[in-house]
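Peer 1: Every position in the sequence shown, counted from 1, becomes a number in my numbering once 1 is added.
For the record, the hints were derived by calculation from the structure and aren't laboratory data.
Don't take every hint at face value.
[What the hints assert, rightly or not] Quick list of the computed label-pair ranges, beta carbon to beta carbon:
1. I46 with R150: 29 to 35 Å
2. G28 with A143: 26 to 32 Å
3. P65 with D144: 18 to 24 Å
4. R142 with G43: 15 to 21 Å
5. T169 with F147: 39 to 45 Å
6. F164 with S24: 33 to 39 Å
7. S64 with L109: 28 to 34 Å
Backbone N, C-alpha and C fix where the C-beta goes; we use that ideal spot for every residue, glycine too.
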Amino acid sequence: GPSPAMESRAAPPAAAGRPDLRSRLRGLYYGDTDQGHRFRYGVLIFDLVTIAFVIATSFVAPSPVIEAMDAVFGVLILADFAARFAASPNRRRDFLSLTTLADIAAILSFLAPVAGEGLGFLRILRTLRLLRTYQLTSRLRADFPFFRRHEDVVIAVANLGVFLFVMTGIIYATQH
């Protein structure tokens, strides 16, 4: 067997046979299990709720209630971002990706509504990640024949929607 010196350098065993936090997060974000699929659908629903909130509040005068809700969404998105980053098998590549930078801009725009009030439309950048994950698109293909038949159209419409929303926000912010 391994010497005591080698055993001390080995990774500590998970408590009671349970995987460590990073392994559990990888299972949720990348695993092909029912729990992982349910979790990613939950994230998808959260993203859709976030998009609805962004659209509903984008051109409404700021209020303490909206700013508080922005902060709640920002903290939840930050937690998702941190968990996804911790679970990532290639953090350096993921950190430098366009969708990560878009997520960071969205998090900042949610968490700094007063400082970035004119840039609040950046919150919609959160949607860039929505259909970009292979696991999600793969699961949508498997679960929904409509998505499987019209995947290119669904993704193109989502991209067009993000583009129109961001461009409208830029025009609004620069002209208002």
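Peer 1: Which of the stated hints cannot be reconciled with the structure, identified by number in ascending sequence?
Peer 2: Numbers 1, 2, 3, 5 and 7 - these are the hints that the structure violates, sorted from lowest upward.
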